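Take the sequences, apply the hints, and build the full model.
Residues in the sequence shown are numbered from 1 upward in steps of one, following the UniProt record's numbering.
The set of hints was computed from the structure by calculation and includes no laboratory data.
Because the structure is a prediction, the values reported are computed rather than measured.
Where hints are given, some of them may not hold.
Cross-link-like lysine to any residue pairs, in silico, SDA-like; alpha carbons within 20 angstroms at most [to be verified]: (1) Lys264 x Thr169; (2) Lys145 x Ile111; (3) Lys374 x Arg64; (4) Lys264 x Ala170; (5) Lys283 x Ala122; (6) Lys183 x Gln250; (7) Lys244 x Arg194; (8) Lys374 x Glu339; (9) Lys374 x Phe357; (10) Lys183 x Glu247; (11) Lys200 x Glu190.
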Amino acid sequence: MSKDAESSTSTDELRKSLEKNTDLTPALRFGTLVLILIVIAAGFGAAYLKFDGAAVAAGNMMARGQNQIVQHLEGGIVSEILVDEGEEIKAGDVIVRLDTTQATSDLRTYIAEMNSTAARLAAFHAEREGETGITYPAWLLDTAKRDAEVASLMQDQDHEFQARLEASTAQAGTLRSRIEAAKAELEGYEVQLRSFEEQKALTVAELADVETLYSKQLVGASRVYDVRGQLAELDGRVGQAHSKIGEIEQRILGFQQEIFALEKDRVELAAEQVVTFRLEMLKLAAAIEETRDVIRRSTVRAPVDAVIVRRAVNTIGGVLGSGGEVVELLPQPADLVAEVRVSVGDIDRIYLGQDAFVRLSALDIPFAPLLDGKVEYIAADRAVDEISGEEYYPVRISNIQVPEDIGDNRLYSGMQVEAFIKTGERTFAQYVFEPLKRSFERSLRER
Numbered sequence: 001m002s003k004d005a006e007s008s009t010s011t012d013e014l015r016k017s018l019e020k021n022t023d024l025t026p027a028l029r030f031g032t033l034v035l036i037l038i039v040i041a042a043g044f045g046a047a048y049l050k051f052d053g054a055a056v057a058a059g060n061m062m063a064r065g066q067n068q069i070v071q072h073l074e075g076g077i078v079s080e081i082l083v084d085e086g087e088e089i090k091a092g093d094v095i096v097r098l099d100t101t102q103a104t105s106d107l108r109t110y111i112a113e114m115n116s117t118a119a120r121l122a123a124f125h126a127e128r129e130g131e132t133g134i135t136y137p138a139w140l141l142d143t144a145k146r147d148a149e150v151a152s153l154m155q156d157q158d159h160e161f162q163a164r165l166e167a168s169t170a171q172a173g174t175l176r177s178r179i180e181a182a183k184a185e186l187e188g189y190e191v192q193l194r195s196f197e198e199q200k201a202l203t204v205a206e207l208a209d210v211e212t213l214y215s216k217q218l219v220g221a222s223r224v225y226d227v228r229g230q231l232a233e234l235d236g237r238v239g240q241a242h243s244k245i246g247e248i249e250q251r252i253l254g255f256q257q258e259i260f261a262l263e264k265d266r267v268e269l270a271a272e273q274v275v276t277f278r279l280e281m282l283k284l285a286a287a288i289e290e291t292r293d294v295i296r297r298s299t300v301r302a303p304v305d306a307v308i309v310r311r312a313v314n315t316i317g318g319v320l321g322s323g324g325e326v327v328e329l330l331p332q333p334a335d336l337v338a339e340v341r342v343s344v345g346d347i348d349r350i351y352l353g354q355d356a357f358v359r360l361s362a363l364d365i366p367f368a369p370l371l372d373g374k375v376e377y378i379a380a381d382r383a384v385d386e387i388s389g390e391e392y393y394p395v396r397i398s399n400i401q402v403p404e405d406i407g408d409n410r411l412y413s414g415m416q417v418e419a420f421i422k423t424g425e426r427t428f429a430q431y432v433f434e435p436l437k438r439s440f441e442r443s444l445r446e447r
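Below, the structure is given as structure tokens:
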């Protein structure tokens, strides 16, 4: 090929290349313009568009307040277990039943002793009041209609009462018979005394006449001495009669005192027994009520609507110690709150009443919603995780608004959650340059 031909070919290729470059220039300009606009928009957005900031914290749902521990005062042998862990129960539902064999036996013994004591108390009360029959309380009479043993017991008391009454009456009757005999004897001596006194009066008059005759020497001295002897003998008989009468009167008084003492001792003994049996009845009434209470409490019931969190009793026939735990309950409906761990670096941006969002990460649903809530509690000091050693502040979020499609019945204490606590609005540029700014300030302080 000649040089002229080669030169012509090069010229054509240069022209075509220039034409091609000329065609690309508008596209390049448009692309450059778009890129510039994107940069300007991004810069404007980074400088002026604001985004919500949030402190992210993980934690768990928890019930406000404390779980309830159901305990049993006396303990006992477990006969039935009617609940399982996680089961929902209503107030009054039976949780556990304890064996009541011993308590029931004790109750029967106490009731039998109460019936016997009441019957004996009624008997001694009748003796104290001097009655001739026993007046039993109405409740004991009603019991006797249903219980043959109580009826037999009351009959025995009637017999004993009548025996004591008859013995006392017989003793008093013997003494009264002796009094009557003594009175009859007394009456005889009183008749003798009146006769002796009349004879004495006549003898005294006779002596006066004889002494007058003797003074006139109409009778001898022997006659005077005879009359005086008769008078002396009558004085002696009168004295003996008085002495005998006094002795008999003392005997009668002694018999009367014996009758009085017999009745007094009987009444005093009855009064003492009344006091004793009344005290015994008070003790038995307390024992009966206590034993009935033990039997009532042997059926352990739920104090409130709740969920069984933990069951401490698991063996039929096992022994529950005094004051032992039966179950741990979570009262329902539980007022659940989210307790989360806020990092030490974010705590300065957290305050009471602050808006927050809670995500129920434990729920098995495709898209767990963010639930509105409020910060209700911020710990006064940091806490330390015993396992990892991480420091954090416990923060509680309450007033969690649960959607109807989730429902409160799907929220449980201990459920894992993730919280986003709103910390205010910041631009994208602040998100990017704030850490750099803090790092730069720290580096200046270090220098």
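Do the hints match the structure? See the list:
1. Lys264 x Thr169: holds (13 angstroms)
2. Lys145 x Ile111: Distance of about 16 angstroms is within 20 angstroms: holds.
3. Lys374 x Arg64: holds (14 angstroms)
4. Lys264 x Ala170: holds (15 angstroms)
5. Lys283 x Ala122: holds (17 angstroms)
6. Lys183 x Gln250: Holds, at roughly 11 angstroms.
7. Lys244 x Arg194: holds (13 angstroms)
8. Lys374 x Glu339: holds (12 angstroms)
9. Lys374 x Phe357: holds (8 angstroms)
10. Lys183 x Glu247: Distance ~11 angstroms between Lys183 and Glu247 Cα, so the pair holds.
11. Lys200 x Glu190: holds (15 angstroms)
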